[in-house]
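J.: So the sequences go chain by chain: G and X. Here the first sequence stands for residues 1011 to 1480, where the numbers follow our numbering. Here the second sequence stands for residues 2 to 434, where the numbers follow our numbering.
It is possible that part of the hints are untrue.
Calculated lysine-lysine pairs in the DSBU-like style (CA-CA distance at most 35 Å, straight line) [said to hold, decoys possible]: (1) G:Lys1099 to X:Lys39; (2) X:Lys41 to G:Lys1203; (3) X:Lys281 to X:Lys70; (4) G:Lys1342 to X:Lys65; (5) X:Lys373 to X:Lys187; (6) G:Lys1216 to X:Lys177; (7) X:Lys420 to X:Lys373; (8) G:Lys1177 to X:Lys39; (9) X:Lys41 to G:Lys1431; (10) X:Lys296 to G:Lys1016; (11) X:Lys187 to G:Lys1364; (12) X:Lys212 to X:Lys61; (13) X:Lys314 to G:Lys1364; (14) X:Lys177 to G:Lys1177; (15) X:Lys314 to G:Lys1203; (16) X:Lys382 to G:Lys1012; (17) X:Lys187 to G:Lys1099; (18) X:Lys187 to G:Lys1216; (19) G:Lys1203 to X:Lys39; (20) X:Lys417 to G:Lys1016; (21) X:Lys154 to X:Lys220; (22) X:Lys177 to G:Lys1305; (23) X:Lys65 to X:Lys281; (24) X:Lys281 to G:Lys1016; (25) X:Lys187 to G:Lys1203; (26) X:Lys39 to G:Lys1305; (27) G:Lys1305 to X:Lys382; (28) X:Lys70 to X:Lys39; (29) G:Lys1177 to X:Lys314; (30) X:Lys39 to G:Lys1360; (31) X:Lys382 to X:Lys220; (32) X:Lys314 to G:Lys1099.
Hints in this document: simulated from the structure, not taken from any laboratory. Owing to the predicted nature of the structure, the values given are computational and were not obtained by experimental measurement.
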Amino acid sequence: MKYYDKLIFELSRPGRSGYSLPRSFAADGGTAMPGISLPAGICRESPLDLPEVSEPDVVRHYTNLSQMNFGVDTGFYPLGSCTMKYNPKINEEVASHPLFTGLHPLQPAETVRGAQEVIDTLDSCLAAITGFEHFTFLPCAGAHGELTGLMLMREYHMARGDSARTKVIVPDSAHGTNPASAAVCGLEIVVVKSRPDGLVDVEDLKPLLGPDIAGIMMTNPNTLGLFEREIGEIARLVHECGGLLYYDGANMNPLLGKVRPGDMGFDILHLNLHKTFSTPHGGGGPGSGPVGVAKSVLPYLRIPVTSGFHGNFAVMMRALAYILMLGRENVKMAGPLAVLGANYIKESLKDAFKLPIPSVCKHEFVYDGLLNDGAREGVAGATTLDVAKRLLDYGFHAPTIYFPLLFHQALMVEPTETESKETLDAFIEVMHRIAAEAAEDPDILHSAPHNTPIRRPDETTAARNPIVKA
Amino acid sequence: MGTFAYFPHTEEDIRAMLDRIGVASLDDLYSDVPDSFKYKGEYDLPSAMSEQEVRDFFDKLGRKNVQLKVLVGQGAYDHYVPSVIPYITSRSEFLTSYTPYQSEISQGTLRYIFEWQSMICRLTGMDVSNASMYDGPTAAAEALRMMIASTRKRNKVVVSAGLLPNVLNVIRTYMKYPGIELVVAKDVLSELDDNTAGVLVPEICKCGRIKNLAGYADKIHAAGALFAVYCDPSTLAVLKSPAEWGADIAVGDGQSLGIPLNFGGPYVGFLACRTELMRKLPGRIVGQTTDADGKRCFVLTLQAREQHIRREKATSNICSNESLMALWCTVYLSLMGPEGLRRVNELSAQGAHYLHDALLATGKFEDTHGDKPFLNEFTLKPLCDVDKLQKAFLSGGFFAGLQLENGELDFCVTEKYGKDVLDALVKIVEELA
Chain G
1011 MKYYDKLIFE LSRPGRSGYS LPRSFAADGG TAMPGISLPA GICRESPLDL PEVSEPDVVR
1071 HYTNLSQMNF GVDTGFYPLG SCTMKYNPKI NEEVASHPLF TGLHPLQPAE TVRGAQEVID
1131 TLDSCLAAIT GFEHFTFLPC AGAHGELTGL MLMREYHMAR GDSARTKVIV PDSAHGTNPA
1191 SAAVCGLEIV VVKSRPDGLV DVEDLKPLLG PDIAGIMMTN PNTLGLFERE IGEIARLVHE
1251 CGGLLYYDGA NMNPLLGKVR PGDMGFDILH LNLHKTFSTP HGGGGPGSGP VGVAKSVLPY
1311 LRIPVTSGFH GNFAVMMRAL AYILMLGREN VKMAGPLAVL GANYIKESLK DAFKLPIPSV
1371 CKHEFVYDGL LNDGAREGVA GATTLDVAKR LLDYGFHAPT IYFPLLFHQA LMVEPTETES
1431 KETLDAFIEV MHRIAAEAAE DPDILHSAPH NTPIRRPDET TAARNPIVKA
Chain X
2 MGTFAYFPHT EEDIRAMLDR IGVASLDDLY SDVPDSFKYK GEYDLPSAMS EQEVRDFFDK
62 LGRKNVQLKV LVGQGAYDHY VPSVIPYITS RSEFLTSYTP YQSEISQGTL RYIFEWQSMI
122 CRLTGMDVSN ASMYDGPTAA AEALRMMIAS TRKRNKVVVS AGLLPNVLNV IRTYMKYPGI
182 ELVVAKDVLS ELDDNTAGVL VPEICKCGRI KNLAGYADKI HAAGALFAVY CDPSTLAVLK
242 SPAEWGADIA VGDGQSLGIP LNFGGPYVGF LACRTELMRK LPGRIVGQTT DADGKRCFVL
302 TLQAREQHIR REKATSNICS NESLMALWCT VYLSLMGPEG LRRVNELSAQ GAHYLHDALL
362 ATGKFEDTHG DKPFLNEFTL KPLCDVDKLQ KAFLSGGFFA GLQLENGELD FCVTEKYGKD
422 VLDALVKIVE ELA
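Kindly generate the complete structure, drawing on both the sequences and the hints.
T.: Okay, here's the thing in structure tokens:
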């Protein structure tokens, strides 16, 4: 990757243009058009300071920007809880299908039967995989799905005149979007602790349950990559107190082929199509977070309207293409192969990294920093951040760092099922090398990365004196 | 196990990995799952298709859609899409990358987001924009939440009844659960009181007519409330920016900046505000800084607002947004520049006014909006059989004249549709029995 320092505005010169538009409204350039005059009071007066750049320079600029980026297509991306699996190219072809891209979302139903069938087919595929009844596809991301799902939880209780249920239980290992979504939905958070073995502490849960509990938000496997074995008991307890169970589908990948969340007692779930179902992350979206419901919540499914039209339809097209390509035979292998890769790495690096929970993991697992961080007189030990930055020098994207909060030097690794053994072995070798570097001289890691377009950025100044536009 | 193109593992690979782990089979890796939860059946899914079969599947479904010339707006606009854009956005370093948390290998993403933020600020006149929202309606809902969070002890927001119905639906949904008092009013200024945190009005009403917002900012601020404007970013090339109206917050949808209709999504919301409100902004913000060698670079900043740090105290729950669609708009605006964007609006407006006058001339419509100005979209009261007319439009290959709740029919013209197309549409109206 080469350092390219331009912003598009710096390529701008007055008089350049990159646009191509018809010369006039009438094809013959004729005069049969009314002069448009808008009242002065509503017209823009301040200058319109957009860049004036030729088309070739626009293309070159963004091409050069892209070359400072790292995608799944570039290399291994073991980000825990992100499921950075291969993004199939047939998905892209399907998503830009010319018989779909020109459809206005408000066109009459009889003119969009194909689009509606895409939605219905995806609905039944996701229902089959998850054991839920039906989905709403309005949410545009996982957190958006969480919010929508919590709204459904509240609708369920409100329909019963049960207005006291204003709290939702969330494990201390939960992803930040869980409590944030609850807050946006007007719910208070109650935290349930995890045991030393990483699982939700059922004994700590019991006293939290009461008539003010709307439900519990969980992910299974949890954010440590551990299967919550006692989910049956948890479901029984929560239902008994009148609450509902919400499944955060961010960690759905290892369950493909093995477990359906609907069979575990969950009432509402969201899926991340941009994780489990291979649609590309796009640098931070667009995603899609469809929300599925069990029979009990089905009557309320269409009540919360959390986006403007039908959801991120082109993302849904990609997910359906993915499911059709895998078919029932391969969907059921995705989970086991993802789990295989995760356990393989976990076992291979536990001689260099602290493994707080040695039991079999699912699709991801957590290390708690280096076994030997090289700390010595006058030299600070290498941290998880340092390991992550050094990995960049070796051409790998770092795993998730400092999450979940339970382990202070957390390094969460999720390889997914689309990585070859050679890739995993290369990662293992590099991680061993970095561990050796740390033991010998942590400053090699402290000063990393060296081989990337930029070195470590000064984030402190960025926050203290924010420069947020050109 | 059969081979599948996305799974690299051979039997040998699997064997070697199982050996390292110390288990005999893949099933053993699920020994921690109680047997009662294991799904032992076959998924009720089709059998694996080849790529050609997948192509055929979608071709077949595509033929069940009717391709129409789109002359309706209402939040989704059929503008021309420059050929360059998908070429850039489908570059896999952009498409398949993650959120730019590791800034050293994400400068591409961070820079285009910085450019997007800058362009949104230049269009709206605001000081800071975030990295994008899901769409215009959710951006509007989050702006209201922001206004509540920014004013002390006020729990009411007032929004204009002139907002698009789909924007209002999302606003109602978001305000319902936290119990924020929502007033939807024709005359928002008359609803101001000392419990009002903020007011949201559209620059262009759902009927396509452009509002004159003179005096709004003064009255709203005098009441101690904040002022937000919902706008179409493309029209800001010719219309007053929210900042020129004295607004504190600007929201809207970037779909009109060259994003295809895509049956409703993905689109991209924007949310921009004055400096004083920056720390209440939801979502990601990219900031400029220098690296250890003093080189200019960009990072996600002010992250203490966000869910991964503040959890339930975050300004919002938003995590993934619409980053790649923000890139789409950024490339669009880079190509268009000020002249191109003005031209888009000129051509669209010329078409819309031509169509407006021609439709009135048929005698089958009435304009009940006086001489209120419009740009590229307008609604008219029908004086004919609406059902028949809409059927005739469809048979003629048009999606036009969508009927709104008040009975009026919506028409929108973009630079894609010239005089010939509009004459054909008018002919259908003229020939209506």
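J.: Work down the list of hints and note, for each, if the structure agrees.
T.: Each hint, compared with the structure:
1. G:Lys1099 to X:Lys39: Between Lys1099 of chain G and Lys39 of chain X the Cα gap is close to 32 Å, so the pair holds against 35 Å.
2. X:Lys41 to G:Lys1203: At roughly 32 Å apart (the allowed maximum being 35 Å), Lys1203 of chain G and Lys41 of chain X satisfy the hint.
3. X:Lys281 to X:Lys70: Violated, at about 42 Å.
4. G:Lys1342 to X:Lys65: Holds - the C-alpha atoms of Lys65 of chain X and Lys1342 of chain G are around 31 Å apart, at most 35 Å.
5. X:Lys373 to X:Lys187: Answer holds: Lys373 of chain X to Lys187 of chain X is near 16 Å, not above 35 Å.
6. G:Lys1216 to X:Lys177: Distance of about 30 Å is within 35 Å: holds.
7. X:Lys420 to X:Lys373: holds (24 Å)
8. G:Lys1177 to X:Lys39: Holds, because 31 Å separates the two Cα atoms, which is no more than 35 Å.
9. X:Lys41 to G:Lys1431: holds (28 Å)
10. X:Lys296 to G:Lys1016: Roughly 12 Å separates the two Cα atoms, so the pair holds.
11. X:Lys187 to G:Lys1364: violated (63 Å)
12. X:Lys212 to X:Lys61: violated (45 Å)
13. X:Lys314 to G:Lys1364: holds (32 Å)
14. X:Lys177 to G:Lys1177: holds (16 Å)
15. X:Lys314 to G:Lys1203: Holds: Lys314 of chain X and Lys1203 of chain G sit about 19 Å apart, inside 35 Å.
16. X:Lys382 to G:Lys1012: violated (59 Å)
17. X:Lys187 to G:Lys1099: violated (49 Å)
18. X:Lys187 to G:Lys1216: Not satisfied, since the Cα-Cα distance of roughly 50 Å exceeds 35 Å.
19. G:Lys1203 to X:Lys39: At roughly 26 Å apart (the allowed maximum being 35 Å), Lys39 of chain X and Lys1203 of chain G satisfy the hint.
20. X:Lys417 to G:Lys1016: Measuring from Cα to Cα gives roughly 33 Å; hence the hint holds.
21. X:Lys154 to X:Lys220: holds (20 Å)
22. X:Lys177 to G:Lys1305: holds (24 Å)
23. X:Lys65 to X:Lys281: violated (46 Å)
24. X:Lys281 to G:Lys1016: holds (30 Å)
25. X:Lys187 to G:Lys1203: With a Cα-Cα distance of about 50 Å, the restraint between Lys187 of chain X and Lys1203 of chain G is violated, given a limit of 35 Å.
26. X:Lys39 to G:Lys1305: holds (21 Å)
27. G:Lys1305 to X:Lys382: violated (44 Å)
28. X:Lys70 to X:Lys39: Roughly 51 Å separates the two Cα atoms, so the pair is violated.
29. G:Lys1177 to X:Lys314: holds (15 Å)
30. X:Lys39 to G:Lys1360: holds (29 Å)
31. X:Lys382 to X:Lys220: Judged against 35 Å, a Cα distance of about 33 Å means the pair holds.
32. X:Lys314 to G:Lys1099: violated (39 Å)
Of the numbered hints given earlier, the model fails hints 3, 11, 12, 16, 17, 18, 23, 25, 27, 28 and 32; all others are met.
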